[in-house]
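K.L.:
One letter stands for each residue in the lines below.
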Amino acid sequence: MRTAAATTTWTDGVLILDDGTAFEGEVAVAAGTARADGPEGVDGAGGAVATGELVFNTSLSGYQEIVTDPSYAGQIITFTYPHIGNYGVNDDDSEHARPFCRGLVVRDLARRPSNWRSRGDLAGFLDAAGVPVIAGIDTRRLTRHLRDTGARPGAFGADEDAVRAAAATAAPTDGRDLVAEVTTPTPYVVGDADAPYRVVALDLGIKRTILTHLVRAGCRVEVVPAGTPAAEILARTPDGVFLSNGPGDPAAVAGVPDTVRSLLGAVPVFGICLGHQMMGLALGAGTEKLAFGHHGANHPVRHEATGRVEITSQNHNYVVRADTVPGGARITHVNLNDGTVEGLALDDLRAFSVQHHPEAGPGPHDAAYLFSEFTALMDVT
Amino acid sequence: MPRRDDLHTILLIGSGPIVIGQACEFDYSGTQACRILRSEGYRVVLVNSNPATIMTDPEFADATYVEPLDVPTLTRVIEKERPDALLPTLGGQTALNLAIALDEAGVLERYGVELIGASVEAIHTAEDRSRFKEAMAEIGLATPRSGLAYDVEEALRVGVEVGFPLICRPSFILGGGGTGFAHDVDELRDLAARGLDASPVREILLEQSVFGWKEYELEVMRDRADNVVVVCGIENFDPMGVHTGDSITVAPIQTLTDVEYQRMRDAAFACIRRIGVETGGSNIQFAVDPATGDMVVIEMNPRVSRSSALASKATGFPIAKIAARLAVGYTLDEITNDITGETPASFEPTIDYVVTKFPRWAFEKLPGASGVLGTQMQSVGEVMAIGRTFPESLQKACRSLETGRGGLNGDPGEAAHDALDLDELVRHAATATPERIFQVEAALRRGVSVERLHDATTIDPWFLDQILQIVETRTELAALGGIDAMTPRTWRRAKRMGFGDGQLAYLWGTTDQVVRDARLAAGARVTYKTVDTCAAEFAARTPYHYGTYEDEDEVTPLGRPAVVILGSGPNRIGQGVEFDYCCVHAAFALSDAGFETIMVNCNPETVSTDYDTSDRLFFEPLSVEGVRNVCDALGRDGQPLAGVIVSLGGQTPLKLAHALEHAGIPILGTSPASIDLAEDREQFNRLCADLGIPQPPGGTAIDAAGARAVAAAVGYPVLVRPSYVLGGRAMQIVYDDDHLDAAMAELAGAGSLGREGGLSAERPALIDRFLEDATEVDVDALRDASGEVLIGGVMEHIEEAGVHSGDSACAIPPQTLSPDALDVIGRHTAALAGALDVRGLLNVQYAVKDGEVYVIEANPRASRTVPFVSKATGVPLAKVAARVMAGATLAELRTEGLLRPPSDAGHVAVKEAVLPFNRFPTVDTLLGPEMRSTGEVMGIDRSFGLAFAKSQAGAGSPLPTTGTVFLSLADRDKPGGLLAARRFAELGFTLVATAGTAAALRAEGLAVATVVAKVGDDRAGDVADAVDLIAQGAVDLVVNTPRGRGPRADGDHIRRAAIRHQVACITTVAAALAAVAGIAEQLANEPIVRSLQDYHDDRQMRLGV
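Going down the list, the protein sequences come from chains H and F. Under numbering that gives the first Met the number 0, the first sequence has 147 at position 148, and the numbering climbs by one with no breaks. Under numbering that gives the first Met the number 0, the second sequence has 911 at position 912, and the numbering climbs by one with no breaks.
I should point out that these hints are in silico values taken from the structure, not numbers from a laboratory. One or more of the hints may lead you astray.
What the hints assert, rightly or not - Residues from chain F that face chain H, not an exhaustive set, calculated with beta carbons under 10 Å: (1) Val227; (2) Thr256; (3) Gln261; (4) Asp265; (5) Val287; (6) Ala290; (7) Thr291; (8) Glu553.
Every residue, glycine too, gets a C-beta built ideally from N, C-alpha and C.
Next comes chain F alone, as it looks inside the complex:
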C-alpha cells in the first residue's frame, strides 16, 4: 500500500513550550515528521507556540505558525490553510488533546480534515482509564484492581473497595500530574482533591498499588496492513512507584526469560490492536510481580512519546520518521531501514550494547520541593549513555548528567553518602530520590548485602549485583594503589566497568591528565562501535557511534575538513532546547558549506542526536575525556580537525574550552581567553572602564566579610551571584547584611554549587549594585574575523531588571527604549565585541535606568534567545555564527544569501517564559533573579498588545477579556499598578483588592467591588480571603506584586491558589500594563493567524492596528 495521493496538505501540531513531562523529544519527532512528509511531496502546515524548536524553522514546513495552541487559533489556521489531514500523534499529549478538542468542536468535520495516525475512538479508548481497563479485560489482559471517582466522597468509597495502598491517577493528563499514593483514607482525601483538579474532566482512577513490581515498557509500531513490530523493550531500574520519566531505565530488557518476554510482546500486540491504533507508534507499560511473574498492563500511549525518542536513539530505528510514513499509507515492509540501506523497516531491532537513561532533576532551583520521587514526574531532562555492559553505560550516564559526578561515585561527591551511618544510608536508599543509586553504591561498598538492599529498595538483584561488580573493581583498583601497578589487562577491566579517568585519578590521588597519559601509554584506548539496529548482522551506513573498550574500532578516516560540534547535554532549567537548536543549525550550515560535521551529545530527546542531523554522531558524555577521545579517534589517520565548536551548546561545552585548547584541539570561534575575559569580573570591569561603558558598581568576594565590604561601598540592594553559571543559578537580590551573609554561605558550602568547588579566588561571588526599576535589555550580536559587527536582535524585557532574563517576557522590537538608548546599546555592543575579539555570537545584557545604559554582562557565546530572535526576524543567526566561526565573513555570507536583512513586516514578537510551578505545589511562584522556567512560547502579531496576549495564551494563561481582576500591590508598585487598574476598569473589568491596595485605588477614584481579607486573617463572618475567592472561580486575573520572598508570605498563598485553579497570575506591574494593553487590543481587533514564512518573506506588508 503505497503513499496516499488523495492527501495534499497535512497539518502537524507541535507540543508547545517545554514543560516537565513534555520536552524536546517532541521537537525531535515533529522535525522528523516535517522532513519526511515534505520529502514525500506533501504540503506541511505546522503549528507550535514554541520558538526555540527546530521544527518551527521556516525551512521545515511550508507554512509555520508560531501561534498559541488552542482550539480557536487552530481553527483559524485550518480555515486559512484547509489541510486535508491532521497528524496529531507526534506532538505529545498536547497535540493529541487538541485533536480531540477540534473533533469535539466539529472543526475537523466542518473543514473536512481527516485525522491520520490515530482515530478519535482509539485516543479515547487509550486515554480514558475506565474504557482502557474494559478494553484490556475484553482481550484477557489484567490491569490493576480499580475504580473511578468524580468527587472526593466517591473517591473515599471506591478507595476502601480497591484497598490500600492505592494509586490515584487523574484522567487526561500528561507526565502524571496530580498522581500519587495513598496509604489510608486521610491521605486519599487530599490526593483525590488534587487529582480531580488536575484532570480536565474531573475524573480520577483509584487503583491497586503495584509498588515495587518490576516495570517494563514496549515501544510498538503498527501499519495499516496490521504488521506489528516491537522496536525496543525497556526495563526500569527503579521499580513501580517512581514515574517512568523519573526512573533510571535500561534497554534492552534484562531480567525476563524469552517465554515471559514473548508473552509481554503478545499482550502489547493485542493491546495496540484492541485500542485501534491503525498506524504509528505506541508505548505500552507493564508491571510484573517479581515473586510470581504475574503481569498487568499499566497504560498505553497511542502516540510517539518520550520513550519512543529514547527507543529511537537506543536502537537507531527512527520511530517518528517511520510513524509519519505509515500515517500517509506506507507499510513497514515498503520502508527501507536507513541504517542498513537494504533491509526493510518491518523487523525488530536487536542491539549489542546496553543503554541507560538517567533523568536530570532541578531541585536545586526549586527550594521547598521535597526532592522525593514518586508517581508524578519531576525531572526536567535526561541523558542516555551507551556501553557494552550495564556497568559501563550506567557510569557513563552518571558522568553525562553534569551534576559534578565522575561516575557512580568514585569522586568527591561520594563524601556526603560515605559520611552517613550505615543503617541510615540504607534507610536513605529506601526512598527514591536523585541520590538513591549513589547511596546504593556506597552501601554495597561498605559491605551491605545485595539481599538487604533489595529488601530496602525493591531494585532487582541483577542490577544490584552489576553495581556490586563496579564496587569490586573499584576495590581492586584502589588496592593496586596507583598507576604503576596497572597492566593493560587491569586498565581494560577498569574502563570496561565504565570508570572515567577522573574517577581513577580520585582513587589514586592524582590528576586526570596523569591517568590519561599512563592509560594511553598502556594501550588502553577507546574503541567506537556503531549503533546499527541489527547487532552487526548487516553493514551500517550511518556512523552513529558510542565509545567502549574493546578490540575493534569502527570509525572511518575523515575525508573532508571536519568540524566537531559539542551539544548541550541534558535539558535543565537555564539550558534547554534553544541550545540544541543552535547546534543543529551549525551542523546544517557547515554541512552545506562542505564541512564534515560531527556531533557529540548525550541527550536522547534532541534533534542533534538524530543520526540524520550531522555526518557522524558520537553519543558520549560531554566531558573532557569524552570529547578528547572523539577528537583523538577522528585525528588518528592524520587528517586534522578543522576545529571544535564550544560556544553553541550553552555552558556545557564552554566549560570544556580550556581543557580542550590545552590538549591542542583547535577551538573555533571566540578564543577561550576572550571567554575568560568576559567571565572574569576584574578583567571585564577594566575592559568596560577602558571602553567607557558604564556598569552598575560592584566587586567580587570570596567570603561574607568581603561581600559586606562591597555592599557597603556600592549600597543596597545588591545582586549576588556565582561566576560561571547559567540560568542565574543561586542568584539573589539582597537588601541587608543578614541576607547577604546567608547568600554567601549558600554559595560557599551548601548545595550543588558547593559540591562543584564552592567559592575561591578563581571562582569568586560577584556582588553588584542592583538597579531597581531599570529596564533590562538583551542583545544578540555577531562579529566576524574582519571586525564587522551585526546586531541580530535587541529585546526589551517586560519584567524589570531583577527577574532573570530567562523568566522574563521580552519583545522584539523594543517597545519603550528611546532611539538614543538604542543607539548607545548598538555602539556599546560593537565596542565589546571588538574588545573581546568575538568570532561568532555575543550576548550582552543591559539595564537602562533614567536614560543611562549600563552593561550587566557580556557572554561571547550563543544565548537562549538566539532561536527567538531568528523566528522574529528571519535571520538565521546560529547558522551564520557557525559559518563565521569556521572562517566566513558576514560580507561573504550576505553574498552567498545565507545572511539576509531582518524581516520588516511591522510585526512585534513577544517571548514568554513557562514555569513549572504546577508540578511543585510547595514552591513559591514569585519571579526573581534565579531562572526557573522550563520553556518558552512566542506570540507574534501586528502590535505589542496583540503579540503579548498571544504569548500569554501560548503560555497557558490566556488573558481574560471580561470579568474580575484581583489586585494586591506592594507599596512601591502602587503608582504603576494604579495606572493598570484604571485601564482595567475602563475596559469594563470589576476590581477587587486587598485592603491597602483598595484604599489606594479608591483614593484615585476607582470603584472596588470587594475588599478581601489577608489570607489567614481569622475574622470569621467578615469577608472572604483572596484564596477563597480564587477557589470559587470569582477571579479571572490576579495581579500580585509582592516584595521579598518567603513561604509564609501572604502573596505566596494567592499565587499558589491562582496556579492551582488555573487563573492567569501576573507578578509585576510591567506585565500588568502589558496585559491590559493586550486585552484592549484583543477587544478592538479581529484575531489573525499568520505564518512565519509570510512574516519573513513579505517585507512590504505593513500591518496597521
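Here chain H stands alone, though its shape is the one from the complex:
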C-alpha cells in the first residue's frame, strides 16, 4: 500500500443553486489557498467559493478521468455514485495535466484509497489542483432537481452568504466560448515520427485517451490550437484531421466551424463530441442544449449500419439537431434513450463524427472501432 490515510479536514458547507435551492454538506479545508494556475471560477479569498454550471455524471468508476476531462470546463461535477475516491489517483489515468472543472459534489469522499496503482488520495489531488469539493450532499436529490429543472449554475463553499451571493450571479455555459480556456497555447506532437498516418488534431480540449487511441491506431498526431486556420492545418499536409472533444456551447465557439468547412473534402476528418458538433455547424446544422445533458458511461447508441447497440461513454450538454442535418450528411448513430443524433457521416467528403466517446476514458470500449474507421478513410486517400 503506497497511500497513507488522507489528512483532509472538513467544515460545514453549503451548495446553493441559482434558483435558491440549498443543500447542506461539508467542504474540504484546503491545505493551501487557491492558486493562480487553478481553474477559473474558484475564488480563493477567505475560504473558497466554487461557482459553475452543475451537471451530474452517472459513471460508477473513472472519477480521475472525469475530473481531468477538459470538457468539464465551467462546470461543477456531481457524482451520482456516493463513494468517490475509493481507488485513489494514479500517474496514468488523467485526461489532462490539470483539471478544468470548477468543483466536485459528492456524497462521500474516500479517505483511504486502495489499489495497487494508487499514488495518492483524491482529496490531496484535488487540493493540489485547487479544485474545491463538497461532500455529504444528498446527491440524489440534487440529481433529481437537475433532471427536472435542467443543468443550472450554482455555488458552494463554507460561507453561506458568500455562496448565496455567488449562486445568484453564477452564469450557465450557454453562449460562452470555453474552448479558448482549455486549448493548447502551442502546437505539440505525439506518436512516432515514422507512424503510417499523419494526423492534425484540432485541440478544443482534447483528452489524453484520444491521443493514445490515435497513436495506437498508427497515427503521428500534431495537436494544434483551436484557432489554427484551415490553411495552416492543410499546410502541414496531414493524412487526416481530427476534431477533438471540448467544453461548453458549440454555437459560441468562434471560427472553428469555418475552419472545418474548409477542411471538408480536402482531407479525411473525424470528430468526437464538440468536434462532432463543429462538424454539424460546419454543415449548416443547428445545435441545441439538452435539459441536463448526457454524462455517464452507460448510454445505448444504435449503430444504424449494423443495428448493433453500443454502450457508450458520454459527456455533453449540447447536441446536433436531427431536423437540421442537411442532405448529403447521414445520421450514423442514434441515442436510444432520447433519440438524439450520435453520429454523422459525409460519405462523399470522407468525414464522420460521433457525439459519444469511442476513446472511453472512462467508459466502455464498444465504440473503439471508430478509430480504425478513421485510419481506413485515410488509407483510401
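For this one, chain H is given, so just place chain F on it according to the hints.
P.N.:
Using the frame of chain H, we list chain F on its own:
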C-alpha cells in the same frame, strides 16, 4: 428481431427442492420466466418437484407438473406435452444438467425439442473445466494453472505439477460441493477422493490457489444480435478462498479503476462470446492479484444464477425476465426498461447506493459442522441491504440477518468477541467464519490497525477503513454520553453510518423507544430513495424503495386502502420459500381485491422482493425500527393504513407483532394477544382443558431443577423445547435426568438462543411427555370473522411423532387415520380456532396414539405446509387467508369464486423433506425433533405408494425396484421392520443385515444373504462391515433405525456412507413400510405424469390403481 412465431409450447424446468447452493432464487427466475412467456402468448409447460414454490402455482403455467426432476419423468412430460422448445437456463444447475441429460439420451431430438437460451455445446464448454480453460486460453484470458485428474493417484501427480497450495474442484457440480484446498500431498489424497465422488463424471480439476486475491463477478447479458451488456459488477468483501455464496458481497465494484474495470468487462464479453451463450444472462467470476492487478477468470455460469437474482434486486434490472424474452427472439433494444418505462433494456444499469449481501448460515442446527467457511458453500440463505454508503448498507445487512444482531456489533452480541485477548481476536478473524466481520470490528475498535487486519484477513484496506469509520462514529457517539448531547447533525451522522436505534440504545444504556422518540424530535427521519437502474437520470415508475438518511424522501402518498405485508427475511432451516409463497399470494389476492399492497422484506432471492409482486416494495430489515419507519412514511400524508399482515411470513414478522401493535399500527388477522395465548404454555393448557382437548402431560421450567420436577411428574421420555421458535430449534427428546440437565443447560446459555435472551419466566422451556410411536398429524385451517372454520388440509406424517414435522414426510389425504379420529381432529381444530378467535390461518399439530387424539401445539399463523396443501387440493389457502385477514368472510370468497372446494381426483400427495447432509460430512443424519431440512418435494399420483415413490425420487433418493436391502433395526423397531423385510423379500429383494437384525429375520423364516459386521469390529478375515458393503455398491437401499444419537454410534457411519455413495437411506420403520408399498406399486403400474391443472380441474376423474 421480434418474437419467434415458430414456437408455440415452451418447456421450463425448475430447480427442484431448496438445497444449499440452489435456493429460491430459481423460484424467482422461473416465476418471472413463466409470466413473461405467457404474456408473450406462448403455452408454458413447467416441471418442478418443489411444491413450496410460487412458480408451481397452477396459474403461472398452462400445465404444471409437480413431478420428480429426472430424465424418465421429463421424457414422459415431453411425450405428453410435445413442447417446441426447452428453456433450461432459469432453473439453476439442476435444469441445465437435465437439459444435457435429455439431449444425451436423444429425447430432445426424438421429440423435436429445440434447446433455447443456451446450446449443449455452450453448456459443455462452460461446465467442463478443461474445455473452459482451453477456450479462455484461445481468447487470451488467463486462468489459474491447473490439471485434470480422474483418480487419486493421478491427482497426486497433477497436484505436484500445479504446486501447493492448490484447490480441487469437481466437474459438473453446483454450489462447490466437494471443493476444497490442499496444502500438501496428504491433504490432497483425502480431498481428491471426495471430489471424485462428488463429480457425476468422476473428474476433478486441481488448480493453482489464488487464495487472498480480490474476487469479482460480472453479470452479463447477451442477445442474438450479439448486443452485450453488464448488468452489475460485484466485489467480494471476503477475498478468494471463501465460496462466493458464503461471502459478503458488495455492489457495485468498489476498488477497481475504470481502466481495470473495463478490462474486466472486455474479458467478460470475450468469454460469453467464446462460450457461445447466444441469449440470456451469464455470470463470470474473476480474481485479481491485489499486488499486481493480474487478472484470471475463475468460472462462468451460462445461466441465471444466485448472483443474477442479487444483481436484479441490486439494480432493478430483471435479468430472468429479460433472459426469457431474449430466448424467444427479442433483442435488448426491443425491450423496454420497466422501471423508466421509456428507455430500452439495452443499457448498463448504474446505481447511486451501495448494496451488501450477507449470507445466513445454520451451523446451530448442525452440531458437528466446523463452522469454518471455505470453497464449499454452506449458507442456507442470504439477506441484502441497501444504503447510500457501504457502512450504512453493511450495518443494515447485519440487522436483517435476524441472528439477534443490532448491526455490526454495538449490541449484547459483541461481548463474546470483546472478551477475547487481542491477539486471539486477530487470530480468530484470520479464519473465515460467520463471525469474522464482527471480530474485525471488535479488533479495529480495540485499536488494531487496518494494516495488521489486512495482513491477517487479506480483506481489502478500503473495506477495513470503512468499518473503521463505523468504529470512529461509535466512539464519538459513546463519548457524547447520551441522547441529551445529540444534535440534528450528530443524529444524522449516526444514522448515515447505519446505526440502528437499538445499537444507540445499547451504547447509551437506554431503550429503543427512548432513542426513537428523541431522534424523531430532533428531526432525524428516514428518507426513502428509489432503486431505478439509472441513478435518477430518468424518472422511475416503480416504487422500489430503500431507507436512508438524506434530505429528500421519494415516497408518494397512498391512494387506496393499503396493506403492508411483512416478508420472512432470510431463508433458513425452518423458514424458507413456503413463507414467501404465502406473502406473495397475499400481495396478489389483496391487489385483486383493490388494496394497495406494500411488501417489506430483505431477502434478494425471493419473488416477494420482485418489484412486480406488490404495488410498492421496501427493501428493508424486518426489525421493529425498519417496519415502523415504513408505516410512518406511508401514513405521513394522513391516509391511514388498513393494516399490517404479520402472520404469513413465519416467525420473523410474528415476533414484531406486539411492538407494532404497541406503536399503534393496526395488525390484520388474529390479534397478537391470541398469538400469545397459543404460545404461552400455561394459558394454552388452560384453554385446552376448558375445551376438553387432551394434551400430552407437561409443564414449563426455567432451570434444571424445575425441569426434573416436570419430568418426574409426567415420566420419561420427555420432549424439551424453548418457546417462540420455529423449526424445532434446540428441541430434544430426552430419556433420563442427565440428558435433561444437559438440554436445559444448552437452552439457558450456549448458542444463539442463549444470546437471544436464554430462559426466563417469560421464555421458559416447555417439557412434555413424549408419546412414543404416536402418529403425528398436521392440520391447516382457516377461520373468518363470522366464525366459520374451514379445514384446508389434514396431513398424516409418515415418520412417527418425534421427528420434526418439517423433516417428516406426510400425506394428503391421511392414509391410516380412522374416520373417528379425523372427526375428532376436525372438531378440536374448530374449537381451538374459535377459542383463539383466529382470523386467517391456524396450524395445529396432533399426535394420535391408540385412538386418542392429543394436541401438541396450535399456531395461529401460516405454516410451512400451506403451499403443499394448496398444491395437493387446489385451494389457494394463502390468498383466502389474506382476504379473510382484510375482512372478507369465507362465504363471500366462495361467492366470489376465490374459495373453491378441494379437488377430488382420488389422488394422493406426499411431501418429502430434503436434507443438507451431503454438505456436512461430519453431521449425523438421524432425524429428530430439531428440523434440519432445507427444502421439500411433492410426489402426486393415483395411490399413496406411487406418490411416496415419486416423492423419494424427487428428493434425490429414488427407490430401487430390485437389488439388495440392508437392514439394521433397533430392538423396538423389529416387529414393524420384520413386516417391511418380509415384503421386500416378496418383491424379490435380497436381504442383508447386521447380526441382531439377521437373527430376528431368520427367526421369522426370512432368508438373509449376508450378515455384516458392526462397523469397526476388527474381526479380520471375517465378513465385511456395512460401510464397506455400501462403498462397494452392493447395497441398493439402507434401512437403519437406531435409537439415540451420537457421533460414535454405529448407525451414524452407515448413514454417512449411504449419503456419500448416494444410496437411498431410510431411518424409520414407517418410512420403510411406505417405501416397500411404493416399490410394489411401481412394479405393478405404468408410471404416469399428470399436471396440477388436470388434478385440480378434473374432479370427476377417479384414478384406480
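K.L.:
A separate judgement is required for each hint: does it hold in the structure or not?
P.N.:
To see whether the hints hold, each was checked on the structure:
{"no.": "1", "hint": "Val227", "in the structure": "8 Å, holds"}
{"no.": "2", "hint": "Thr256", "in the structure": "5 Å, holds"}
{"no.": "3", "hint": "Gln261", "in the structure": "6 Å, holds"}
{"no.": "4", "hint": "Asp265", "in the structure": "6 Å, holds"}
{"no.": "5", "hint": "Val287", "in the structure": "9 Å, holds"}
{"no.": "6", "hint": "Ala290", "in the structure": "6 Å, holds"}
{"no.": "7", "hint": "Thr291", "in the structure": "6 Å, holds"}
{"no.": "8", "hint": "Glu553", "in the structure": "8 Å, holds"}
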